[in-house]
Amino acid sequence: MVEERYIDMMQAEIDGLLSEEDARELRRYLDTHGEANQYYEELRGSVRALSSLPQVDPPPSLKSDIMRAIRRAQPQRRSVRDRIREIFESRVAFNYVYALSAGIVIGVALYGMIAGLDKGGPSSSDVSGSLVLTPPAAAYQRVDEQPIDTLGITGMIRTRSFEKSHIAECVLQSGEQVRGVIEFEPRALCLAGFSQTEGTPEEIGVEQNRIVLTSTGSNSYLFLFESRADSTAAQVLRVTLTTPRGTVQRTVQLFRLP
Amino acid sequence: MSDRADALLVQDCLSGRSEAFGTLVDRYQVTMFNVSLRIVRDREDAADVTQTAFFKAFENLKSFNPRYKFFSWLFRIVVNESLNQLKRSRVYAELDEQLLSDEPGPDEKYHQEELQDRIESALTDLKLEYRVVLVLRHFQDLSYQDISYITDVPEKTVKSRLFTARKLLREKLMRRGVQLRG
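Chains A and B supply the protein sequences, listed in that same order. At the far end of the first sequence sits residue 258, using the numbering used here, and the numbering has no gaps. At the far end of the second sequence sits residue 182, using the numbering used here, and the numbering has no gaps.
There may be inaccurate statements among the hints.
[Unchecked claim] Below, in silico cross-link-like pairs of lysine-lysine (DSS-like), each with a Cα-Cα straight-line distance of 25 Å or less:
no.: 1; chain 1: B; residue 1: K69; chain 2: A; residue 2: K63
no.: 2; chain 1: B; residue 1: K87; chain 2: A; residue 2: K164
no.: 3; chain 1: A; residue 1: K63; chain 2: B; residue 2: K56
[As the list claims (entries may be wrong)] Now the stretches of chain B that chain A is said to cover, found in silico as 3 or more residues with beta-carbon under 8 Å:
no.: 4; stretch: 15-25
no.: 5; stretch: 132-145
no.: 6; stretch: 165-175
[Claimed, not checked] Restraint ranges, calculated between C-beta atoms of paired labels, are given here:
no.: 7; chain 1: A; residue 1: Q141; chain 2: B; residue 2: L128; range: 22 to 30 Å
no.: 8; chain 1: B; residue 1: V153; chain 2: A; residue 2: E185; range: 26 to 34 Å
no.: 9; chain 1: A; residue 1: G34; chain 2: B; residue 2: F64; range: 50 to 58 Å
no.: 10; chain 1: B; residue 1: E171; chain 2: A; residue 2: R179; range: 48 to 56 Å
no.: 11; chain 1: A; residue 1: F162; chain 2: B; residue 2: D12; range: 17 to 25 Å
no.: 12; chain 1: B; residue 1: K87; chain 2: A; residue 2: R245; range: 25 to 33 Å
no.: 13; chain 1: B; residue 1: L8; chain 2: A; residue 2: R228; range: 45 to 53 Å
no.: 14; chain 1: B; residue 1: L8; chain 2: A; residue 2: Y111; range: 52 to 60 Å
no.: 15; chain 1: B; residue 1: S160; chain 2: A; residue 2: S52; range: 20 to 28 Å
no.: 16; chain 1: B; residue 1: E171; chain 2: A; residue 2: R245; range: 43 to 51 Å
no.: 17; chain 1: B; residue 1: D3; chain 2: A; residue 2: E203; range: 47 to 55 Å
no.: 18; chain 1: B; residue 1: Q179; chain 2: A; residue 2: D57; range: 21 to 29 Å
no.: 19; chain 1: A; residue 1: P244; chain 2: B; residue 2: K87; range: 29 to 37 Å
no.: 20; chain 1: B; residue 1: F64; chain 2: A; residue 2: Q249; range: 29 to 37 Å
To be clear, the hints were calculated from the coordinates, so they are not data collected in a lab. Treat the numbers as computed from the prediction; the structure is a model and nothing was measured. Note that the Cβ used here is the ideal one computed from N, Cα and C, for glycine as well.
Pulled out of the complex, with its shape left as it was, chain A reads as follows (with noise of 0.2 Å):
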């Protein structure tokens, strides 16, 4: 049996953190206990056979990758970002978006209405939920954020929380339509407001656990979630999206991993 002190004075060794005199007084111990000496052997093999494991190449296109996304997503970052300040940065301009994401949620509703668009298309009847007075963006902390480069689309999906209000920004650039589906878990979020911040608005309509939308260009928006009360449920977007040449999915976190 060896000694638990030994063997942490062993760890130290390893970690060159043992003091001359401990190491001597460890060296003088493996001397004299053979079992304490293998024990050592052993554990500096371990940390041998770790060091063994060659170093992987990333892919060559690893680097490519990652700048083309920064310079893709620059721009439209920069300009959502001042657009999410415009929109905080007053009270009234904050009441104006969610004025302007009823208007949105209403004129969905009517259309939905008058084009029969429940029939199979989105509908607006399950939008649902109480438009609190938010806090100011600087409260919000930001919890996922996932860039969007295949597929010819380029962008990002970000959000962010305060307590029970998310906030999920999504980006798309795209040459081609792309069919957007955004669902999300209704026995855990409602959906308390959207809007298209920028771009040309295309259509966007809304069933009880999606968002459905079409975007061609470039285009923003914002989605304003609040959490169910003592939900457990899952508290993530699933976002598809589908273009002619295939489709790709993110799961998008909308609360702070432990």
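For chain A, the structure is supplied; the task is to place chain B on it using the hints.
This is chain B only, laid out in the frame that chain A set:
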């Protein structure tokens, strides 16, 4: 790679010369990719994590505190992203299943690749908190202080996790028949 050179490059980026960030990517992409790979154990996921981490680093350069080393800050983002990736993909159970089939038979011959597989498998079999400190300490040769900053736990905790991690690793390697002496 001097910290001062990194700090100057960061300064360049903040002054609008975003191409300076390319130099930082050149310096650290291999290291960051390998750290992520040892945690997530999947090349594609590791590449995604590395890309996202660099992207986030660029986006948040303004919040980078020059009191810390740039690479430690980057490590911190990569480790967090890797852990998030694991949580997202929920691979724990799958990896555990994979490990069962990795157990070597007593008469199996060792080849270099098999040996590496066993070491990798022993590493993956460790709890994440132990795996992360081992990777940072023994692949990257980082100090307790750096690891403490990257993992956001006190140095004392780093030390105790590292001690436990090495003990467990020794047991798992031996169980897999990896020769540790000599």
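Cross-check of the supplied hints:
1. B:K69 - A:K63: The given pair, whose Cα atoms are some 21 Å apart, holds under the 25 Å limit.
2. B:K87 - A:K164: holds (22 Å)
3. A:K63 - B:K56: holds (14 Å)
4. 15-25: holds (count 4)
5. 132-145: holds (count 5)
6. 165-175: Satisfied; 6 residues make the cut.
7. A:Q141 - B:L128: 22 to 30 Å: holds (23 Å)
8. B:V153 - A:E185: 26 to 34 Å: Holds - the Cβ-Cβ distance for V153 (chain B) and E185 (chain A), about 32 Å, lies within 26 to 34 Å.
9. A:G34 - B:F64: 50 to 58 Å: This hint holds: roughly 52 Å between Cβ atoms.
10. B:E171 - A:R179: 48 to 56 Å: holds (52 Å)
11. A:F162 - B:D12: 17 to 25 Å: Since the Cβ atoms of F162 (chain A) and D12 (chain B) sit about 34 Å apart, the hinted range of 17 to 25 Å is violated.
12. B:K87 - A:R245: 25 to 33 Å: holds (29 Å)
13. B:L8 - A:R228: 45 to 53 Å: Once the Cβ atoms are compared, 49 Å apart, the range 45 to 53 Å for R228 (chain A) and L8 (chain B) holds.
14. B:L8 - A:Y111: 52 to 60 Å: holds (56 Å)
15. B:S160 - A:S52: 20 to 28 Å: At roughly 26 Å between Cβ atoms, S52 (chain A) and S160 (chain B) fall inside 20 to 28 Å, so the hint holds.
16. B:E171 - A:R245: 43 to 51 Å: Given range 43 to 51 Å: holds, Cβ gap about 49 Å.
17. B:D3 - A:E203: 47 to 55 Å: holds (51 Å)
18. B:Q179 - A:D57: 21 to 29 Å: With a Cβ separation near 28 Å, Q179 (chain B) and D57 (chain A) satisfy 21 to 29 Å, so the hint holds.
19. A:P244 - B:K87: 29 to 37 Å: For P244 (chain A) and K87 (chain B) the Cβ distance comes to about 33 Å; the hint holds.
20. B:F64 - A:Q249: 29 to 37 Å: With Cβ atoms ~31 Å apart, the hint holds.
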